[in-house]
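Okay, here's what each chain looks like letter by letter:
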Amino acid sequence: GDSVTQMEGPVTLSEEAFLTINCTYTATGYPSLFWYVQYPGEGLQLLLKATKADDKGSNKGFEATYRKETTSFHLEKGSVQVSDSAVYFCALSVSGTYKYIFGTGTRLKVLA
Amino acid sequence: ETGVTQTPRHLVMGMTNKKSLKCEQHLGHNAMYWYKQSAKKPLELMFVYNFKEQTENNSVPSRFSPECPNSSHLFLHLHTLQPEDSALYLCASSQVQDLRNIQYFGAGTRLSVL
Chain S
2 GDSVTQMEGP VTLSEEAFLT INCTYTATGY PSLFWYVQYP GEGLQLLLKA
52 TKADDKGSNK GFEATYRKET TSFHLEKGSV QVSDSAVYFC ALSVSGTYKY
102 IFGTGTRLKV LA
Chain X
237 ETGVTQTPRH LVMGMTNKKS LKCEQHLGHN AMYWYKQSAK KPLELMFVYN
287 FKEQTENNSV PSRFSPECPN SSHLFLHLHT LQPEDSALYL CASSQVQDLR
337 NIQYFGAGTR LSVL
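In order, the protein sequences belong to chains S and X. Going left to right, the first sequence walks through residues 2 to 113 as my numbering numbers them. Going left to right, the second sequence walks through residues 237 to 350 as my numbering numbers them.
The following block holds chain S by itself, in its conformation from the complex:
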């Protein structure tokens, strides 16, 4: 069945460091891919999305490219801030349905 695999956290970085959070997926058909972020005490917020191969989603300095050949959607940011500390979830939308499959989440902690 469809699945999403994220790198395990926690990830701890110093402010202004480069961030990569790996995400790979298995899916039939042509899923849409998403990154959601969950700040402490809050629900999930859509961070960025990509709906087809080679699309690049971007928002707030974060980027991810839909790579069909490697079935990946890695999240990157060039310079993290303390305010980026949160849990990041990779998800796919099952092709032809409104169902999401989520990864387990990766906790990011950024130190000043």
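These aren't lab readings, by the way, just hints derived from the structure by calculation. Predicted, not measured: the structure shown is a model, and the values here were computed from it. Check before you lean on any hint, since a few could be wrong.
Pairwise CB distance ranges (calculated) [what the hints assert, rightly or not]: (1) S:Gly10 to X:Asn293: 27 to 33 Å; (2) X:Gly264 to S:Thr98: 17 to 23 Å; (3) S:Arg68 to X:Arg245: 35 to 41 Å; (4) X:His262 to S:Lys69: 32 to 38 Å; (5) X:Lys276 to S:Ala54: 29 to 35 Å; (6) X:Arg245 to S:Asn23: 29 to 35 Å; (7) S:Ala54 to X:Leu263: 25 to 31 Å; (8) S:Ser96 to X:Arg245: 30 to 36 Å; (9) S:Gly62 to X:Gly250: 44 to 50 Å; (10) X:Gly250 to S:Asp55: 49 to 55 Å.
Below 25 Å or equal to it, Euclidean Cα-Cα: the simulated PhoX-like pairs (lysine-lysine) are [as the list claims (entries may be wrong)]: (11) S:Lys57 to S:Lys69; (12) X:Lys277 to S:Lys100; (13) X:Lys258 to X:Lys288; (14) X:Lys288 to S:Lys100; (15) S:Lys110 to X:Lys272; (16) S:Lys57 to S:Lys100; (17) S:Lys110 to X:Lys276.
Sample of chain X residues facing chain S (criterion: CB under 10 Å; computed from the structure) [claimed, not checked]: (18) Leu279; (19) Val284; (20) Thr291; (21) Glu292; (22) Cys327; (23) Gly342.
Just so it is clear, CB atoms sit at the ideal spot from N, CA and C, and this is done for glycine as well.
With chain S held as given, fit chain X onto it using these hints.
Frame of chain S, contents of chain X only:
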């Protein structure tokens, strides 16, 4: 403000209690979802309502009973819960006709079962 409001934000209940979680969306969407978020586990989809009709029930125990009186409101009725049901319960909504299928989440209800 995401357009999806959940109440209460926190709930503590005993195993013999009956309580309800409420979700309201102000986005004009026609699909609503209940998820369970437990520590170190992926989000678990519990129920899906599409145009007020339940279209998915992921083998959820009957002590969880959803209700969707209209496309803007979703409830989760709880009775005789177990301690392992303690979790963050998230509601989401989306527009079914939107091929991108973006789901918008509420802030969740943190449930503790004693």
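For each hint, the structure was consulted:
no.: 1; hint: S:Gly10 to X:Asn293: 27 to 33 Å; verdict: holds, 31 Å
no.: 2; hint: X:Gly264 to S:Thr98: 17 to 23 Å; verdict: holds, 21 Å
no.: 3; hint: S:Arg68 to X:Arg245: 35 to 41 Å; verdict: holds, 38 Å
no.: 4; hint: X:His262 to S:Lys69: 32 to 38 Å; verdict: holds, 36 Å
no.: 5; hint: X:Lys276 to S:Ala54: 29 to 35 Å; verdict: holds, 31 Å
no.: 6; hint: X:Arg245 to S:Asn23: 29 to 35 Å; verdict: holds, 33 Å
no.: 7; hint: S:Ala54 to X:Leu263: 25 to 31 Å; verdict: holds, 29 Å
no.: 8; hint: S:Ser96 to X:Arg245: 30 to 36 Å; verdict: holds, 35 Å
no.: 9; hint: S:Gly62 to X:Gly250: 44 to 50 Å; verdict: holds, 46 Å
no.: 10; hint: X:Gly250 to S:Asp55: 49 to 55 Å; verdict: holds, 53 Å
no.: 11; hint: S:Lys57 to S:Lys69; verdict: holds, 12 Å
no.: 12; hint: X:Lys277 to S:Lys100; verdict: holds, 18 Å
no.: 13; hint: X:Lys258 to X:Lys288; verdict: holds, 15 Å
no.: 14; hint: X:Lys288 to S:Lys100; verdict: holds, 16 Å
no.: 15; hint: S:Lys110 to X:Lys272; verdict: holds, 24 Å
no.: 16; hint: S:Lys57 to S:Lys100; verdict: holds, 22 Å
no.: 17; hint: S:Lys110 to X:Lys276; verdict: holds, 16 Å
no.: 18; hint: Leu279; verdict: holds, 4 Å
no.: 19; hint: Val284; verdict: holds, 7 Å
no.: 20; hint: Thr291; verdict: holds, 9 Å
no.: 21; hint: Glu292; verdict: holds, 7 Å
no.: 22; hint: Cys327; verdict: holds, 8 Å
no.: 23; hint: Gly342; verdict: holds, 5 Å
Hint compliance for this structure: no hint is broken.
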